[in-house]
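With the hints as a guide, bring the two chains together.
Single-letter residue listing:
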Amino acid sequence: MNTNFPPSSDAVVFRDRGVDGVQLHCLICDEDIGLPVLYLNEALVVWDKHREEETLKRSGKKTP
Amino acid sequence: MVITLPSVTYERAWDGGGWLPVLRRGDNDMTTTAWAGDRSYNLKEGLDWDRIRAEHDARLATMPDCFVGGLNEEERSIGTGSDRLQQSHIEAAHMITTGSPHRRGKKNQWSIPKADLDEMVRLYIDEEMTVPEIGERLGYSPHSVRGRLVTAKVYLANRDKGKRS
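Residue numbers (my numbering), protein chains in the order written: chain R, 1 to 64; chain F, 1001 to 1165.
Quick caveat, the hints were computed from the structure, so don't treat them as lab data. Note that beta-carbon positions come from the ideal geometry of N, C-alpha and C, so glycine has one too. Do not take every clue at face value.
To be verified - Pulled from the structure, derived: some chain F residues nowhere near chain R, Cβ distances all over 10 Å:
#, residue
1, Leu1043
2, Asp1118
3, Glu1119
4, Asp1126
5, Glu1128
6, Glu1133
7, Gly1135
8, Glu1136
9, Arg1137
10, Leu1138
11, Gly1139
12, Pro1142
Stated by the list, open to error - Simulated restraints on C-beta separations:
#, chain 1, residue 1, chain 2, residue 2, range
13, F, Asp1050, R, Ser59, 36 to 46 Å
14, F, Asp1048, R, Arg15, 11 to 21 Å
15, R, Cys29, F, Gly1046, 21 to 31 Å
Isolated chain F (complex conformation) (with noise of 0.2 Å):
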């Protein structure tokens, strides 16, 4: 199986408050990288276009406010300022299309403070704790934590040097 990697381009945020990575087959079909960070959208399944285009316009529908300029001080603190969006514009990105009605970490992963961000990165490298363990301690679902660690670049990073997820 040879599938390709749809290409990522950089757009203006709903209200040109950052840019946000977006994902692109065609004209119209776009989505942000946060919602093809979505544990459905699994490579060894395909990609099927029409469903995240559908999921896109469904969760965009009832957050009409889920743009940077949306977020807090705290919120923007973690990475959507323009000083920060270089090295963040992944997480940031997630942050803000995760603010899911779906809620499914115990805790706003909308809201999610940088603290609890930092704790969790040193969790996993310093402690060297699974990331099912770092989402007990803190009250995060394991998918939210792994999605932390992924778009913070630390998951990948420690995986390539072999040590355990």
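Bound-form chain R, shown alone (with noise of 0.2 Å):
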């Protein structure tokens, strides 16, 4: 299994929530990430953090 993820670019698309803002949707696990985000750092936050529990939990070792 591929463990490694490539490139935001490639692997998360935003869809517009409305009010709530977008919503990151990984293109990789096909599911939506966190909640919907409004501002792009908080998008770079939710994503570093979905890529490294991810990275941990296809490598068999415990999410800290």
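Structure below.
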């Protein structure tokens, strides 16, 4: 199983969720990530967290 | 509307003192994530990379020393030292590049003491104060407080749990 996530530009899309902001969707896991966010730095934090967790999960290590 | 998230790479700081997260669209368009964290970069308004790049260049031109090596000992202790870089790279980049000539906060955001940062987190978690309340208490702008909590990953972690923001 591939444990390496590609750059976020290839793996994440946003979908407009109205006043809630935008919803991140991981194209690798095909699932929505976290809650909708409004600002880019928030999105990057969410993405980093998701990538770390998924990478750990796929490598068989326990999530801290 | 579907837009893509810019890719993030980690690149050497100007003086080689650490690694900074960098947004990159192409070979020539990049900015640190701290710039991307600017309130003006609202995702729902789209990402105007020409504007981001222009702001990046303009601010760098006014801050020739805005690299890791330009921080004093206290600032290094907040999270720019190599031993803490792993956990605080975003925070570090944020502090470095928000040493803003615009002085958005009431205090100099660049040299925010670690005690203040810890107090922000404590007030948010333990006292359950709102971001504006914390700003008022400690003398920082709400945007500055919110930015710190976001980069410390506290704000989002608690919001995920349904805590008020």
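Exercise. Checking against the hints above, which ones are violated?
Worked result: The structure conflicts with hint 1 only, although it agrees with all the remaining ones.
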